[in-house]
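Undergrad: The sequence shown: position 23 = 22 (numbering that gives the first Met the number 0), numbered continuously.
Worth flagging that the hints you see were computed from the coordinates, not collected in a lab.
Label pairs and their computed distance ranges (CB to CB):
| no. | residue 1 | residue 2 | range |
| --- | --- | --- | --- |
| 1 | I86 | P17 | 48 to 56 Å |
| 2 | S27 | E49 | 18 to 26 Å |
| 3 | T52 | L24 | 24 to 32 Å |
| 4 | M67 | T38 | 14 to 22 Å |
| 5 | S39 | G76 | 27 to 35 Å |
| 6 | G59 | P17 | 15 to 23 Å |
| 7 | I69 | Y34 | 16 to 24 Å |
| 8 | L53 | L25 | 19 to 27 Å |
| 9 | C94 | Y34 | 53 to 61 Å |
| 10 | C94 | A73 | 30 to 38 Å |
| 11 | L89 | P17 | 56 to 64 Å |
Glycine residues also receive a C-beta, built at the ideal position from the N, C-alpha and C atoms.
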Amino acid sequence: MSSLQETRILTIPIFINPDAANQLLLKSNKYDSLYVMATSPDYVDTIQQEITTLYGTTLGLNTPKAIMAIREQAASGNNAFILMVGIIALVVRSCWNCHHAVQFG
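With these hints in hand, go ahead and build the complete structure from the sequences.
TA: Below, the structure is given as structure tokens:
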């Protein structure tokens, strides 16, 4: 029997005022993540800039614009891969045709 035991840590997001979190959860102003909701999409860039100014650039920020940019990059990378596979397939097929034309020609 192993001396190691499985540990399960459940993480449940809660939405709470930072001061209340410090008192109730003893967080000491240290958090895993912070969710900020803008009252208008027009404020997202300004809020993002203010958070970056306060906490620096090492903080990961996810905005709808950033998520869409990542999706577009992934899609373009996938399209480039499919295009390269198609080009390689055409080259292989044309070489195969040339080889057989010489052999049987």
